[in-house]
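Let chain A serve as the given structure and place chain B on it in line with the hints.
Listed here are the chains, written in short residue letters.
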Amino acid sequence: MREAIAAHVHDGDTVVIEGFTHLICFAAGHEIIRQGRRDLTLCRLTPDLIYDQMIAAGCARKLVFSWAGNPGAGSLHAFRRAAEGKGPSLELEEYSHFGMVARLSAGASRLPFWTMRNYMGTDLPAVNPAIRTVTCPYTGEVLATVPALNPDVTIVHAQRADEDGNAQIWGLLGVQKEAAFASGRVIVVVEELVDQSQIRADPNRTLIPGLIVDAVVVEPWGAHPSYAQGYYDRDNEFYISWEPISRDPAALSRYLDEFVYGVEDRKAYVKRCGGLDRLKASQRVCAGVNYGF
Amino acid sequence: MAAVAARELRNGEVVFVGIGLPNLACNLARETHAPNLVLIYESGAVGAVPERLPVSIGDPALVTGSLMVCSMADVFQYFLQNGRIQVGLLGGAQIDRYGNINTTVVGDYAHPSVRLPGSGGAAEIAVHARRTVVISRLGRRVFPERVDFITSPGMRVKGRSRRELGMPGAGPTTVITDKAILEADPESGELVLAALYPGVAATEVAEGIGWPVRNRSQLKDVPPPTDRELHLLRQVLDPKRLYLKQ
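Protein chains in written order, with numbering that gives the first Met the number 0: chain A, 0 to 292; chain B, 0 to 245.
Just chain A, with the same shape it has in the complex:
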C-alpha cells in the first residue's frame, strides 16, 4: 500500500475512493493521511467516515459529493465544521447521486458530459453552475447535463483479484466500474489475491479488468469499518461511535493519532482494533453456473 500510494497519489490530485457503503477502502485513505498528501480534490457520492477523516487530517482542498452524512448515526462533523465556517476552509461542489453517477459515466466513456431528465425545480443548479442543460437534437426536449469526471486516480477495494489486477466484486457494485474506467490511474486493493485460473473460471464476476489497473495491493480487512460481502460485516458500532468522536475535534485528533498515524500499516491497525473476528461473514455460498459450450 505504501508504494502504491507513493507512486500514484500526488499532492493536488483529484482522487476517487469509491464504494457505496460496501468496500470503502479505508486502508488507502489512512495511508494517504500518513503520507501527508495535501490539496486533494476528493470525490465520492457519499464522503463517509473516510473522507471525514481525510478532511480532518488536512488532505483535502475540495470535496465533490452528493450525500455527506453518517447513515443512521449522525453527521460527518469535520465536513460540517468546514461547511459551516467553523473549521479550515473546504471548497464544495455538490450534485445528487444521479448527477455523480452520470459524471463518472461520461468520464468512463470519455465523453464531455452526460444527459439526464433531472434537476427541474431543485436549487442545486443555482449553487452549482456545472449543472446545465442541453436541447435534444432529435426531440427538442431540454435535458439536464453534468460534466465528465475524470479523476487522476481511483482506488477500488475488491474481494479478490489476480496479480494483473483483474478484480472481482460481488454484492453492491456502486459506481466502482465507472470510476475506474474514468480514471487516469487505478489502484485495486483486495481482500485476497487469487490465481488467474480462479478469475477465468467466473469471468462475469470481473468488474475491473487488469488492463486498466496500475497497482494491486493485498490488504485483508482493508475496507473496515465498512464491509466486504462474504468476508466481514459492516462495523455498525464504529459508525455509531464516529458521531461523538468527530463531533469533538480533540477526540477526532486522538483517533487519528491512535489508529492512523500511530500504526505502521493495515496489519497493525487490525491488531489495534482487536476483536474484528466478531464481524466475520457467515456462509451463504452460491452454487455457480456452467460456462461450458
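These aren't lab readings, by the way, just hints derived from the structure by calculation.
Do not rely on the hints blindly, as some may be mistaken.
[Unchecked claim] Once the Cα atoms are required to be at most 30 Å apart in a straight line, the calculated DSS-like pairs of lysine-lysine come out as:
1. B/K157 <-> B/K178
2. B/K244 <-> A/K279
3. B/K244 <-> B/K219
4. B/K178 <-> B/K244
5. B/K178 <-> B/K219
6. A/K61 <-> A/K85
7. B/K239 <-> A/K270
8. B/K178 <-> B/K239
9. A/K279 <-> B/K239
10. A/K85 <-> B/K178
11. A/K279 <-> A/K266
Same frame as chain A, now just chain B:
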C-alpha cells in the same frame, strides 16, 4: 408514524426506499399487508428481503437473497428514469407549503447555520417516482412557509407546476407526520390537513405548521397502530431503536 407510512404502501408496488424511517416503514409493510412489495434501494439491491433491519441503505443484508444487484448507474437510469418506480419515500429537515423538501442547508447556502447531508438520490426520486410519500415530525421549523433550499421539488416550485417544469412523477401526494396526515390539494398543490391521529385536534396540528394550513372539508381519523404493528416495530424490526427514537 412508521406504521402509518407503511399503510400507504400497497402490496405489489415497486418502492424506492430511502434512509431512516422510510426504511423501517417499508420493512414493516412487507411483514404485514404487503408481502409482495418490491424494495429497490439506491445502492443497487432490487427485490431486497433483508433478514435484519438495514442500518444503512447499503447494508449487506439487502444483497443476500435479493432478486438482482445492479450498479447505481442502472438504478438511476434503468429503474428510476425509466419510470419503473411507483413510490418514493422521502424524509426532510424542512418541508414547505407545496411539499418542496430541503435536505441541504439551514440558512444561506454559502454560509449555512446547519449543513445537512444534501440530496443523495432524493432530488431525482422527487422528479421521477410516480408518487412520493414524505415522512416527518411536525414542527414550525420543519414545516416553514418556504424552505431555505429546495433539494427535492414538490408540487409547485416558485409558482410553476410540476407539469410546467416537465417532471414525470406526481410528486409528494401524501405527507405522514407524528400527529396527522397532510395531502396535496389536487388543484393548488398546497399541502392540506387530511387526517388526524387519535386524540389530536386540528388546532394542535396547525401549531406545528408554519403557514395557515387549510383543512379538508371532511377530516379522516387515522387508526392507531395495531398490537401486531407495534410488536413488529419494537420487538422484531427495530429492537435497538435505531429509527424509533421516541
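**Item:** Numbers of the earlier hints that this structure fails to satisfy, in rising order
**Value:** Violated hint: only 10; rest satisfied.
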